[in-house]
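**Q** Single-letter residue listing:
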Amino acid sequence: MESPIPVSSIELDNVYRVMDKRKSLGYSARDLSFMLGYRALYVRDVENPKHTLRYTPKDNNYLQLIFECPLSDILAGKIPEVNYLITIETHSYGTVSTNTIHRLNLPQAPIRLKEFKDEDDTSVEIGTSEKIEIEKVINNLFNSVYFDQPKTALEILQSFKEIYRKTTPVHNVIAAIKKYTARRKAPRLIENKNESGRTTFLKEPEIPQE
Amino acid sequence: MPKEIKIAPVEQYIIDQIRKIRLSLNITAELLSKNITPSESAGLVGNVESSASKTTYTSHNLNLIADFFTKHAKMLKDDSVQKEYTIYDFYPPEPLEDLPIVKSTYEIPRKIGPTFIVADMLENTNFLDSPKTITQVTDYINAHYDVKYKSTNINSALKQAGKKDLLEINMTEELRVTYQKKKNNNKNL
Chain A
137 MESPIPVSSI ELDNVYRVMD KRKSLGYSAR DLSFMLGYRA LYVRDVENPK
187 HTLRYTPKDN NYLQLIFECP LSDILAGKIP EVNYLITIET HSYGTVSTNT
237 IHRLNLPQAP IRLKEFKDED DTSVEIGTSE KIEIEKVINN LFNSVYFDQP
287 KTALEILQSF KEIYRKTTPV HNVIAAIKKY TARRKAPRLI ENKNESGRTT
337 FLKEPEIPQE
Chain B
-10 MPKEIKIAPV EQYIIDQIRK IRLSLNITAE LLSKNITPSE SAGLVGNVES
40 SASKTTYTSH NLNLIADFFT KHAKMLKDDS VQKEYTIYDF YPPEPLEDLP
90 IVKSTYEIPR KIGPTFIVAD MLENTNFLDS PKTITQVTDY INAHYDVKYK
140 STNINSALKQ AGKKDLLEIN MTEELRVTYQ KKKNNNKNL
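So the sequence lines, in the order shown, correspond to chains A and B. Mapping of the first sequence onto our numbering: position 62 corresponds to residue 198, and the numbering continues sequentially without gaps. Mapping of the second sequence onto our numbering: position 97 corresponds to residue 86, and the numbering continues sequentially without gaps.
It is possible that some hints are incorrect.
List of simulated lysine-lysine pairs, BS3-like, C-alpha gap at most 30 Å [stated by the list, open to error]:
id, chain 1, residue 1, chain 2, residue 2
1, B, K60, A, K329
2, A, K194, A, K272
3, A, K194, B, K(-5)
4, A, K272, A, K302
5, A, K186, B, K43
6, A, K186, A, K329
7, A, K315, A, K267
8, A, K186, B, K139
9, B, K139, A, K329
10, A, K214, B, K137
11, A, K272, A, K297
12, A, K267, A, K250
13, B, K63, B, K(-8)
14, B, K170, B, K139
15, A, K194, B, K66
16, B, K(-8), A, K214
17, B, K172, B, K63
18, B, K171, A, K214
19, B, K72, A, K214
20, A, K194, B, K152
21, A, K329, B, K(-5)
22, B, K137, B, K9
23, A, K214, B, K172
24, A, K194, B, K23
25, A, K194, B, K170
26, B, K23, A, K214
27, B, K(-8), A, K194
Read the hints as simulated data drawn from the structure, not as lab findings.
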């Protein structure tokens, strides 16, 4: 067993409340990183107990906007024991790894805090007609004035929801947006960071050739 | 001109809420800092509240502050004071916009109670660095805050500050009571 790691109880609890919330809403770690406007592996790193990255009060505020939930769903009001000493056990079963976090509770036996599997990043394939419908919505936004002002991923998803009115996994929308960010030349979407450090998408129009 | 520092609106809200509660409980920035980061930054709260510093609170800090405010409030005899604090007391009731705003220091509203005013005087003015009679204190408060107090209105707030070791209360040869800020008024209450 690895040596115990000291962690902030409230911050660790915060991470796994957010993990439970995102899973209950069907979001992968990559989906949530995208919605937060951070790099693709950000949430995976936060959820890794060996990593020091944690959600900040600024993130918790934005997570409330993403999940449309009360603060109490993602953050405890108070934890009297301010630090935990934890151990992490990882077991691999074929291609699947399970992580178990225990809190030391001397002189009694350790308490199991959390158990979770590493996520399979493979996206579920969607039907061609649904794919075309999603791409059409994003294409219409692209061809309008919508992207003339920089938009965050959350803003795009909120607009998409209002137009599409059906539920579809976030990664399908991400795939449709990536078609425009992956283009080598204009017209395309270019990625920047806004003042809050979140990724934004802005249309780079095609320059008419003389 | 110093460079403006920008932080998230929720970070500013949390800083202001903690400052408001801290002053209403008569807790100095130094005392709170020592209770949340005993071995490290004794000036953490001062830095966080300063518009010249980028420092903001972490969730870990908020957990410690909620615990300290609760312990502190429970020691106070005043039953009108909130006794239990959680992190939810520091967050806004609804999530705020995300785009950063210029960091500022929360100004205490001038129309407030005697306990709040005495805490503000001790923390933000030099008025009580030398001994003052209750009449002088009352005149100062009426001149600088939007209130019209008589000495009797602030008597118990001054006594309370004395009990908390923030003020020295002495008797002059003319048998007048004087109040003066303790030089190291950061002892635990």
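**Q** Now look at each hint and say whether the structure bears it out.
**A** Against the structure, the hints:
| no. | hint | result |
| --- | --- | --- |
| 1 | B:K60 with A:K329 | violated (42 Å) |
| 2 | A:K194 with A:K272 | violated (34 Å) |
| 3 | A:K194 with B:K(-5) | holds (13 Å) |
| 4 | A:K272 with A:K302 | holds (14 Å) |
| 5 | A:K186 with B:K43 | holds (27 Å) |
| 6 | A:K186 with A:K329 | holds (28 Å) |
| 7 | A:K315 with A:K267 | holds (12 Å) |
| 8 | A:K186 with B:K139 | violated (60 Å) |
| 9 | B:K139 with A:K329 | violated (57 Å) |
| 10 | A:K214 with B:K137 | violated (40 Å) |
| 11 | A:K272 with A:K297 | holds (13 Å) |
| 12 | A:K267 with A:K250 | violated (36 Å) |
| 13 | B:K63 with B:K(-8) | violated (41 Å) |
| 14 | B:K170 with B:K139 | holds (21 Å) |
| 15 | A:K194 with B:K66 | violated (36 Å) |
| 16 | B:K(-8) with A:K214 | violated (36 Å) |
| 17 | B:K172 with B:K63 | holds (26 Å) |
| 18 | B:K171 with A:K214 | violated (33 Å) |
| 19 | B:K72 with A:K214 | holds (14 Å) |
| 20 | A:K194 with B:K152 | violated (38 Å) |
| 21 | A:K329 with B:K(-5) | holds (15 Å) |
| 22 | B:K137 with B:K9 | holds (22 Å) |
| 23 | A:K214 with B:K172 | violated (34 Å) |
| 24 | A:K194 with B:K23 | holds (25 Å) |
| 25 | A:K194 with B:K170 | violated (38 Å) |
| 26 | B:K23 with A:K214 | holds (19 Å) |
| 27 | B:K(-8) with A:K194 | holds (22 Å) |
Hint check: violations occur at hints 1, 2, 8, 9, 10, 12, 13, 15, 16, 18, 20, 23, 25; the rest are consistent with the structure.
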